Amino acid sequence: MKNFIGNVLFLDRSDINTDEIIPAKYLTENDKTALKPHLLEDLKLPGFDSAKDLDDKQIIITKANFGCGSSREHAPWALEVNGIHVVIAKSFARIFRQNMFNCGMLAIALSDADIEMIDSEFAHTSTNVSIDVENGIIHLSSEEKEYNIEFSISDFDKALIKIGGWVEYADLHY
Amino acid sequence: MGLTIAEKIFKDHLIDEPFGDVSVLKLDRVFCHEITTPIAILDLMDRGKDRVFDPDKIKAVIDHVTPAKDSKTAMQGKILREWAKRHGIKDFFDIGHNGVCHAIFPEKGFVHPGFTIIMGDSHTCTHGAFGAFAAGVGTTDLEVGILKGVCTFKKPDTYKLEITGTKPAGVYAKDIILKIIQELTVNGATNMVIEFAGEVVDKMSMEERMTLSNMAVEAGATCGICAPDMTTVEYLWEFIKDDYAGKKEALESFSRYKSDRDARYVKEKTIDVSRMEPLTTFGHKPDNVKPVSQMAGTKVDQVYIGSCTNGRIEDLRVAAKVLKGNKINENVRAIVSPATPKIFSQALAQGLINIFMDAGFCVTNPTCGACLGMSNGVLAEGEVAAATTNRNFNGRMGKGGMVHLMSPATAAATAIKGEIANSEMFTL
Ligand code: SF4
Chain X
1 MKNFIGNVLF
11 LDRSDINTDE
21 IIPAKYLTEN
31 DKTALKPHLL
41 EDLKLPGFDS
51 AKDLDDKQII
61 ITKANFGCGS
71 SREHAPWALE
81 VNGIHVVIAK
91 SFARIFRQNM
101 FNCGMLAIAL
111 SDADIEMIDS
121 EFAHTSTNVS
131 IDVENGIIHL
141 SSEEKEYNIE
151 FSISDFDKAL
161 IKIGGWVEYA
171 DLHY
Chain E
1001 MGLTIAEKIF
1011 KDHLIDEPFG
1021 DVSVLKLDRV
1031 FCHEITTPIA
1041 ILDLMDRGKD
1051 RVFDPDKIKA
1061 VIDHVTPAKD
1071 SKTAMQGKIL
1081 REWAKRHGIK
1091 DFFDIGHNGV
1101 CHAIFPEKGF
1111 VHPGFTIIMG
1121 DSHTCTHGAF
1131 GAFAAGVGTT
1141 DLEVGILKGV
1151 CTFKKPDTYK
1161 LEITGTKPAG
1171 VYAKDIILKI
1181 IQELTVNGAT
1191 NMVIEFAGEV
1201 VDKMSMEERM
1211 TLSNMAVEAG
1221 ATCGICAPDM
1231 TTVEYLWEFI
1241 KDDYAGKKEA
1251 LESFSRYKSD
1261 RDARYVKEKT
1271 IDVSRMEPLT
1281 TFGHKPDNVK
1291 PVSQMAGTKV
1301 DQVYIGSCTN
1311 GRIEDLRVAA
1321 KVLKGNKINE
1331 NVRAIVSPAT
1341 PKIFSQALAQ
1351 GLINIFMDAG
1361 FCVTNPTCGA
1371 CLGMSNGVLA
1381 EGEVAAATTN
1391 RNFNGRMGKG
1401 GMVHLMSPAT
1411 AAATAIKGEI
1421 ANSEMFTL
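Heads up: the sequence lines are chains X and E, in that order. Okay, so the first sequence: first residue is 1 according to the numbering used here, each after it adds one. Okay, so the second sequence: first residue is 1001 according to the numbering used here, each after it adds one.
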């Protein structure tokens, strides 16, 4: 299982599409690691600088419909090669969400109220998150506060992330 | 309760339903090309899983950019070539023997009724023309297909399209699928299987059915299926003649993959083609469709005849009939890419290549070529193309270029006029 713990990058916008996550011009790369410097380089978000803001971040918390647009798997890969294995959002585009679990990574959808709460309590502090997959608990902590939020994913998705993705799952079971 | 074709194929291939909502199916074929497969191969190597489930069920081709145009595309070919060799994949088609994947694989007899097929390519739906379930997939699914010969799918909801009436002169399978996409819109069949039925489909050749099924994905569908019949048997006969006592027996066996009378469809629609006109697209979405008559006079810079939609021998025949004795307009450049070496040879033997060359066409080797704007006919910014391909997305044939999709007949007429034109005036 991948590592689901780390520092949070808050992306305060809905509808961040896969072109913003990784621009189409890098789709010809045969090697995933070549995507590393280009994650979120075209993100339209005032004040955001992918070269600096991604530094030492392992978890993204964002708004609704993350990963919309083209269904490219390069989007989760670009996250993966940057050590980001978790995205928490109000909602996800369907294929992006499945691609995350297929790669053994976590896409956690929380209620609007939960995300707004996290936003107001933690967004402007340096926040650390650790995730307990077995019990479905997100543990948030900053210098001043700590907080636990419950989440749920399907049994199949749980099986996928426990083993490290669909390739590993299929190789074991079929 | 009765079953649809897709449901029957699912039933026959189901090996697991791990947590209820997804079906894991056994695969009969995994098709590969040099754009999407190398990254899957490298990832499998990375995981220490450089294996294949069955080298005889995997078929591979270099078709998108061939001959290679630069170091990057050369490397994609090299990775695929070495992998095919390493794993004993005998059906690997390299330069000299290669052609557009969705034309060459059926032509080699690799697609049979009732098969399950995946490929890392959105137009894999083409193979549904044979009564197979064929779907484009992403890289992880492709990796699992290569490694284990399985794939997960959601239950196949089927949208039945009954195509009735008589095709008027000048109206082809391409016009019919453009009309369907216009009526369904680009999301009309999302996550569904389209089943093409009705008297018009029954009369179609396999080539025409492939044109229909090819663009099912443009209406959002996972696959576009046609029921197998005697036309399917005839097309496949040279490959299956040892397996059956006769064509009647083959037909009987294939008929297992027809929908039951009481099959349940999530949607049904009837389209009468009797009053149709030839159609073309405008703008950057394939459901932006208008009659050619309303688009007549639109100037074009390049005409492209080819691709997995319309690069087959019947398409070249139709285009050559329009072109015969004519020259293309002096303000137009025109390119034809026969989709496979076999089609190229047939076109040569039937004198079609001469007709294209006399008219002023550039004839290229079999390849996807200009279709995806990576080689062999990229548009300059602001240029307009008339193409027999399947996608008119912004930048598809080159940054800042516009693509109008149409039938080979309309494309040929357009080449002669230098502007979008109806083929009728040249075939009377
Ligand atoms: S001809 Fe065009 S649409 Fe068909 S497989 Fe090649 S690039 Fe894709």
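The set of hints was computed from the structure by calculation and includes no laboratory data. Remember, predicted model here, so these are calculated numbers, not experimental data. Any given hint could turn out to be false.
DMTMM-like cross-link-like pairs, simulated, lysine to aspartate or glutamate; straight-line CA separation at most 25 Å [unchecked claim]:
(1) X/K36 with E/D1046
(2) E/K1078 with X/E29
(3) E/K1290 with E/E1277
(4) E/K1011 with X/D157
(5) E/K1026 with X/D31
(6) X/K162 with E/D1016
(7) X/K162 with E/E1277
(8) X/K90 with X/E150
(9) E/K1011 with X/D155
(10) E/K1248 with E/D1260
(11) E/K1154 with X/D155
(12) E/K1399 with X/D42
(13) X/K158 with E/E1277
(14) X/K25 with E/D1046
(15) E/K1154 with X/D171
(16) E/K1072 with X/D31
(17) E/K1324 with E/E1277
List in ascending order the numbers of the hints, as given earlier, that are violated by the structure.
5, 7 and 13
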